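Residues per chain are reported as follows:
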Amino acid sequence: QLQLQESGPGLVKPSETLSLTCTVSGGSISSSTYYWAWIRQPPGKGLEWIGSIYYSGSTYYGPSLKSRITISVDTSKNQFSLKLSSVTAADTAVFYCARDTMGGTGSFDYWGQGTLVTVSS
Amino acid sequence: QSVLTQPPSASGTPGQRVTISCSGSSSNIGSNYVYWYQQLPGMAPKLLIYTNNQRPSGVPDRFSGSKSGTSASLAISGLRSEDEADYYCAAWDDSLSGVIFGGGTKLTVL
Chain A
1 QLQLQESGPG LVKPSETLSL TCTVSGGSIS SSTYYWAWIR QPPGKGLEWI
51 GSIYYSGSTY YGPSLKSRIT ISVDTSKNQF SLKLSSVTAA DTAVFYCARD
101 TMGGTGSFDY WGQGTLVTVS S
Chain B
122 QSVLTQPPSA SGTPGQRVTI SCSGSSSNIG SNYVYWYQQL PGMAPKLLIY
172 TNNQRPSGVP DRFSGSKSGT SASLAISGLR SEDEADYYCA AWDDSLSGVI
222 FGGGTKLTVL
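So the sequences go chain by chain: A and B.
Using the numbering used here, the letters of the first sequence map in sequence onto residues 1 to 121.
Using the numbering used here, the letters of the second sequence map in sequence onto residues 122 to 231.
In short, the hints are calculated from the structure, not lab data.
Note that the coordinates shown come from a computational prediction; the quantities given were computed from them, not determined experimentally.
We put the CB at the ideal spot given by N, CA and C, even for glycine.
Check the hints yourself; a few may be wrong.
Simulated pairs of lysine to aspartate or glutamate, EDC-like, Cα-Cα distance not exceeding 20 Å [stated by the list, open to error]: (1) A/45 to A/91; (2) A/13 to A/74; (3) B/227 to A/91; (4) B/167 to B/182; (5) A/66 to A/109; (6) A/66 to B/203; (7) A/77 to A/91; (8) B/227 to B/204; (9) B/167 to B/215; (10) B/227 to B/205; (11) A/66 to B/182; (12) B/167 to B/205; (13) B/227 to B/203; (14) B/167 to A/16; (15) A/45 to B/182; (16) A/83 to A/16; (17) B/227 to A/16; (18) B/167 to B/204.
If you only want the chain A side, here are some residues facing chain B, beta carbon under 10 Å, derived [said to hold, decoys possible]: (19) 57; (20) 59; (21) 90; (22) 94; (23) 108.
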């Protein structure tokens with residue numbers, strides 16, 4: 001059974017860079033079929049797709065955060081990562097990693113449990 | 122303000138049939154597939170419907186999806202207390218070049 005697990009600091013200071021890693025188990029991140037995505041959800045609000053990456057490193061990012069994000073992949077560790085720079089309190093959210101089944105459609109079939117990241121000094 | 126518009130709330134009694142709408146435009150729902158997610162309290166979202174009207178393995182056939190023009194709907198028949206959750210629609214938007222989600226609908230089972 002495929003499992004995804006987010007990890008990273010739960011507290012980040014304003015203006016700093018948020019860094020999260022998603023570890024995939026029970027399947028290979030190098031599968032040619034799937035992309036891998038980051039999605040966030042501010043407390044009490046809706047979902048926002050951040051971006052997705054293919055095992056080759058090819059990425060596509062959501063328009064609202066494109067200037068501040070970097071998504072990378074490490075196939076040797078079966079992990080992919082998110083960096084979000086210049087964070088503010090508005091970036092406080094639960095961050096989910098997920099498997100993107102069709103690369104650019106909105107189809108996410110496996111999700112991590114999510115990790116809350118709070119931006120505060 | 123989400124590009125995909127959902128009613129903020131919906132409700133029904135056990136056994137009833139409820140529908141949740143998702144309204145978009147020609148650049149998203151009108152030209153791409155629609156997906157639906159169920160998010161139980163405190164949990165990660167779960168894919169409920171893919172490519173407009175298909176159910177992943179394990180999703181009861183009480184859940185169904187449809188699409189017409191620039192709108193989509195999720196129907197839940199035989200409502201159960203465990204269906205109480207937030208429901209989100211999603212689609213690719215050609216103009217924004219990204220995946221967009223609706224604002225979510227909180228379903229209450231009375």
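Evaluated hints:
Under the criterion of a C-alpha separation no larger than 20 Å, the hint pairing residue 45 of chain A with residue 91 of chain A is consistent with the structure, at around 12 Å. With a C-alpha separation of about 26 Å, the suggested pairing of residue 13 of chain A with residue 74 of chain A is violated against the 20 Å cut-off. Straight-line distance between C-alpha atoms of residue 227 of chain B and residue 91 of chain A comes to about 23 Å, which puts the hinted pair past the 20 Å bound. For the proposed pair residue 167 of chain B and residue 182 of chain B, the alpha carbon gap of about 15 Å is at most 20 Å, so the pair holds.
The straight-line distance between the Cα atoms of residue 66 of chain A and residue 109 of chain A is roughly 23 Å, outside the 20 Å bound, and the hint therefore fails. Restraint check for residue 66 of chain A and residue 203 of chain B: not satisfied, since their Cα atoms lie roughly 37 Å apart, outside the 20 Å limit. Among the hinted pairs, residue 77 of chain A with residue 91 of chain A is inconsistent with the structure: their alpha-carbon atoms are about 27 Å apart, more than 20 Å. Using a Cα cut-off of 20 Å, the hinted pair residue 227 of chain B and residue 204 of chain B holds, with the two alpha carbons roughly 10 Å apart.
Between residue 167 of chain B and residue 215 of chain B the alpha-carbon distance is near 24 Å, which puts this suggested pair outside the 20 Å criterion. Taking the CA atoms of residue 227 of chain B and residue 205 of chain B, the gap is about 8 Å. The hint holds against a cut of 20 Å. Between residue 66 of chain A and residue 182 of chain B, the direct Cα distance comes to roughly 38 Å. Violation of the 20 Å bound is thereby established for this hinted pair. With a C-alpha separation of about 13 Å, the suggested pair residue 167 of chain B and residue 205 of chain B falls inside the 20 Å cut-off, and the hint holds.
A threshold of 20 Å between alpha carbons decides the hint, and for residue 227 of chain B with residue 203 of chain B the separation of about 13 Å falls inside it, so the pair holds. Proposed proximity of residue 167 of chain B and residue 16 of chain A is contradicted: the alpha carbons are some 31 Å apart, above 20 Å. For a cut-off of 20 Å, the pair hint linking residue 45 of chain A to residue 182 of chain B is broken: about 28 Å separates their Cα positions. Taking the CA atoms of residue 83 of chain A and residue 16 of chain A, the gap is near 10 Å; set against the 20 Å cutoff, the hint holds.
Using a Cα cut-off of 20 Å, the hinted pair residue 227 of chain B and residue 16 of chain A is violated, with the two alpha carbons roughly 34 Å apart. A threshold of 20 Å between alpha carbons decides the hint, and for residue 167 of chain B with residue 204 of chain B the separation of about 12 Å falls inside it, so the pair holds. Annotation: interface hint on residue 57 of chain A violated; nearest CB of chain B at approximately 19 Å, more than 10 Å. With its C-beta approaching chain B no nearer than about 12 Å, residue 59 of chain A sits outside the 10 Å limit, and its interface hint is violated.
Taking 10 Å as the C-beta cut-off, the interface hint given for residue 90 of chain A is violated, the closest approach to chain B being about 16 Å. For residue 94 of chain A, the interface hint holds, the least distance from its beta-carbon to any beta-carbon of chain B being 9 Å, beneath 10 Å. Residue-level restraint check for residue 108 of chain A holds (minimum Cβ-Cβ distance to chain B is 6 Å; threshold 10 Å).
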